[in-house]
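J.: Sequence:
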Amino acid sequence: AGRIKGTPEYEDLKQCDLIIEAAVENLDLKINIFGELSNICSKDTIMVSNTSTFLIEKVMEKVSNPARTAGLHYFFPANVNRLVEVIRQKNTSDDTFNAVNEFALKNKKTVISVKDFPGFAINPVFISSYMVLNSFYGDYNVASLDDISKEALGVRFGIMWVQNMSGLGTAFHAANSMYDYLNQSDVGYPTVPEQLETCFNSGSNWDLEDGPIVEDKDARKKVMDTLLGTIFTISTHLVGKEIVSAADLELGIKTALAWPEGPFAMMNRIGMEKTREMIALVCDADLFKMPEKFKNSTPDKWDI
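Quick note on the working numbering: the sequence shown kicks off at 1 and runs consecutively.
Among the hints, a few may not be true.
If you anchor each label on the Cβ, the simulated ranges turn out as follows [what the hints assert, rightly or not]: (1) Asp218 x Cys16: 23 to 31 Å; (2) Asp225 x Val24: 32 to 40 Å; (3) Pro260 x Asn176: 27 to 35 Å; (4) Ile213 x Thr7: 50 to 58 Å; (5) Arg156 x Asn79: 15 to 23 Å; (6) Pro8 x Ser113: 33 to 41 Å; (7) Ser297 x Asp186: 18 to 26 Å; (8) Gln184 x Thr7: 35 to 43 Å; (9) Asp207 x Lys301: 23 to 31 Å; (10) Cys16 x Phe157: 32 to 40 Å; (11) Ala258 x Asp286: 29 to 37 Å; (12) Gly211 x Glu36: 47 to 55 Å; (13) Glu209 x Asp94: 51 to 59 Å.
The calculated DSBU-like cross-link candidates involving lysine-lysine, where the alpha carbons are at most 35 Å apart (straight line), are [said to hold, decoys possible]: (14) Lys115 x Lys254; (15) Lys241 x Lys106; (16) Lys217 x Lys90; (17) Lys241 x Lys221; (18) Lys293 x Lys90; (19) Lys106 x Lys58; (20) Lys106 x Lys254; (21) Lys90 x Lys254; (22) Lys301 x Lys241; (23) Lys115 x Lys62; (24) Lys254 x Lys301; (25) Lys293 x Lys221; (26) Lys222 x Lys106; (27) Lys289 x Lys221; (28) Lys5 x Lys58; (29) Lys115 x Lys293; (30) Lys274 x Lys241; (31) Lys274 x Lys289; (32) Lys62 x Lys43; (33) Lys222 x Lys90; (34) Lys90 x Lys108; (35) Lys217 x Lys295; (36) Lys108 x Lys222; (37) Lys295 x Lys254; (38) Lys293 x Lys241; (39) Lys58 x Lys289; (40) Lys217 x Lys274.
For the record, the hints were derived by calculation from the structure and aren't laboratory data. Values in this document were obtained by computation on a predicted structure and should not be read as measured data. Here a beta-carbon is modelled for each residue, glycine too, at the ideal position from N, C-alpha and C.
Produce the complete structure using the sequences and hints provided.
T.: Structure below.
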């Protein structure tokens with residue numbers, strides 16, 4: 001108490017050494033905030049965005065000294081979730097990156113290093129996982145999809161439940177942002193499911209108690225293989241494009257999403273031949289482009 005002070009004036013921030021922006025996910029708003037700050041603050045001030053999906057380079061386009069910019073992405077709920085992604089855009093200096101990294105560590109966070117990329121490292125995995133799961137709604141009820149995701153990932157709380165907790169508005173807008181960035185890229189990305197849009201427009205959450213849970217093994221396997229194939233494919237792309245290391249993505253997924261295993265440990269456990277089949281399943285369905293690592297043959301297990 002007493003160490004935090006509010007202000008409506010940009011001018012009051014001109015003496016700050018580090019500024020972390022956490023405005024709503026509106027790109028123009030964020031760009032203009034940093035444009036105003038750049039006109040007021042010292043060129044030595046480190047300016048950091050907590051955006052969830054926008055490229056840091058784009059957010060900082062009006063900053064006069066982009067070498068002093070970076071991303072610092074916290075995860076919901078930020079006061080409890082230990083993970084922070086420290087994002088380095090192409091203009092970020094070594095001194096800036098190291099200072100932001102040290103700041104996060106001093107705040108007792110678990111830190112992973114990520115290059116500037118739409119959604120960074122964790123969100124491309126989680127957002128695509130709920131998008132493909134949502135696309136099965138109608139053929140499956142919500143209760144079944146949530147339960148299948150719990151079995152697939154070995155988690156206590158299913159993906160549909162997590163969407164409700166973080167908010168369907170957040171989920172819907174993030175899905176659209178990721179689709180716009182990546183669908184036509186060499187990575188590819190799922191189309192935003194109509195089911196998610198309909199639920200968002202209704203203003204309600206997913207009904208987690210909407211009927212009996214599907215027990216048929218083949219029916220559950222269909223969803224599970226698509227869900228895991230999605231997670232494995234986007235994770236492989238992220239490492240292949242050197243956005244994040246396999247070790248950091250493994251750590252980040254386990255920390256931020258509370259999964260007992262990250263994607264690479266899951267692939268190693270399932271086996272690379274079965275993994276390749278799951279990846280081919282989602283790529284043949286045009287959800288993603290086939291990652292280079294799996295294009296021509298079955299690779300060795302991941303070194304994590």
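J.: Now tell me if each hint is right for this structure.
T.: Structure-based check of all given hints:
1. A C-beta distance of roughly 58 Å is found between Asp218 and Cys16, which places it outside the suggested range of 23 to 31 Å.
2. Checked against the given bound of 32 to 40 Å, the beta carbons of Asp225 and Val24, roughly 36 Å apart, stay inside it.
3. The hint said 27 to 35 Å for the Cβ distance between Pro260 and Asn176, and at roughly 30 Å that hint holds.
4. Between Ile213 and Thr7, the C-beta spacing of about 51 Å keeps the proposed range 50 to 58 Å intact.
5. At about 20 Å, the beta-carbon gap between Arg156 and Asn79 stays in the expected band of 15 to 23 Å.
6. The supplied range of 33 to 41 Å is met by Pro8 and Ser113, whose beta-carbon atoms lie about 35 Å from each other.
7. Here the CB-CB span from Ser297 to Asp186 is close to 20 Å, well matched to the stated 18 to 26 Å.
8. Taken as a hint, the range 35 to 43 Å holds for the pair Gln184 and Thr7, whose Cβ atoms sit roughly 42 Å apart.
9. Checked against the hint of 23 to 31 Å, the C-beta distance between Asp207 and Lys301 comes to roughly 40 Å, which is inconsistent with it.
10. Range check, Cys16 to Phe157: Cβ separation about 37 Å, and the 32 to 40 Å hint holds.
11. Taking the beta carbon of each, Ala258 and Asp286 are about 31 Å apart, inside 29 to 37 Å as hinted.
12. Checked against the given bound of 47 to 55 Å, the beta carbons of Gly211 and Glu36, roughly 51 Å apart, stay inside it.
13. Separation of Glu209 from Asp94 is about 52 Å and conforms to the stated range, judged on CB atoms against 51 to 59 Å.
14. At roughly 19 Å between alpha-carbon atoms, Lys115 and Lys254 fall within 35 Å of each other, so this suggested pair holds.
15. Pair hint Lys241 plus Lys106 holds up; C-alpha atoms about 29 Å apart against a cutoff of 35 Å.
16. A threshold of 35 Å between alpha carbons decides the hint, and for Lys217 with Lys90 the separation of about 47 Å lies outside it, so the pair is violated.
17. Taking the CA atoms of Lys241 and Lys221, the gap is about 30 Å. The hint holds against a cut of 35 Å.
18. In summary, the hint linking Lys293 to Lys90 is supported, as the alpha carbons are separated by about 25 Å, within the 35 Å threshold.
19. The hinted pair formed by Lys106 and Lys58 meets the criterion: a straight-line CA distance of about 28 Å does not exceed 35 Å.
20. Only pairs whose Cα atoms come within 35 Å are accepted, and Lys106 paired with Lys254 is accepted, the gap being roughly 21 Å.
21. With a CA separation close to 27 Å, the supplied pair Lys90 and Lys254 stays within the 35 Å bound.
22. Proximity of Lys301 to Lys241 is assessed by CA-CA distance (about 18 Å); at most 35 Å being required, the pair is judged to hold.
23. A distance of roughly 20 Å separates the Cα atoms of Lys115 and Lys62; the hinted pair therefore holds under the 35 Å criterion.
24. Between Lys254 and Lys301 the alpha-carbon distance is near 19 Å, which keeps this suggested pair within the 35 Å criterion.
25. With a CA separation close to 25 Å, the supplied pair Lys293 and Lys221 stays within the 35 Å bound.
26. About 44 Å separates the Cα atoms of Lys222 and Lys106, which puts this hinted pair outside 35 Å; it is violated.
27. Taking the CA atoms of Lys289 and Lys221, the gap is about 22 Å. The hint holds against a cut of 35 Å.
28. Of the pairs offered as hints, the one joining Lys5 and Lys58 holds, with about 29 Å between alpha carbons and a cut-off of 35 Å not exceeded.
29. Taking the CA atoms of Lys115 and Lys293, the gap is about 20 Å. The hint holds against a cut of 35 Å.
30. Taking the CA atoms of Lys274 and Lys241, the gap is about 23 Å. The hint holds against a cut of 35 Å.
31. Using a Cα cut-off of 35 Å, the hinted pair Lys274 and Lys289 holds, with the two alpha carbons roughly 18 Å apart.
32. For the suggested pair Lys62 and Lys43, the alpha carbons sit about 13 Å apart, so the restraint of at most 35 Å is met.
33. Restraint check for Lys222 and Lys90: not satisfied, since their Cα atoms lie roughly 40 Å apart, outside the 35 Å limit.
34. At roughly 27 Å between alpha-carbon atoms, Lys90 and Lys108 fall within 35 Å of each other, so this suggested pair holds.
35. As the CA atoms of Lys217 and Lys295 are separated by approximately 29 Å, the hinted pair is consistent with the 35 Å bound.
36. Distance restraint check for Lys108 and Lys222: the Cα-Cα separation of roughly 40 Å exceeds the 35 Å cut-off, and the hinted pair is therefore not satisfied.
37. With a CA separation close to 27 Å, the supplied pair Lys295 and Lys254 stays within the 35 Å bound.
38. Taking the CA atoms of Lys293 and Lys241, the gap is near 11 Å; set against the 35 Å cutoff, the hint holds.
39. Using a Cα cut-off of 35 Å, the hinted pair Lys58 and Lys289 holds, with the two alpha carbons roughly 25 Å apart.
40. Note on Lys217 and Lys274: the hinted pairing holds, with a Cα-Cα distance of about 17 Å set against a maximum of 35 Å.
Hints 1, 9, 16, 26, 33 and 36, counting from the list given before, are not met by this structure.
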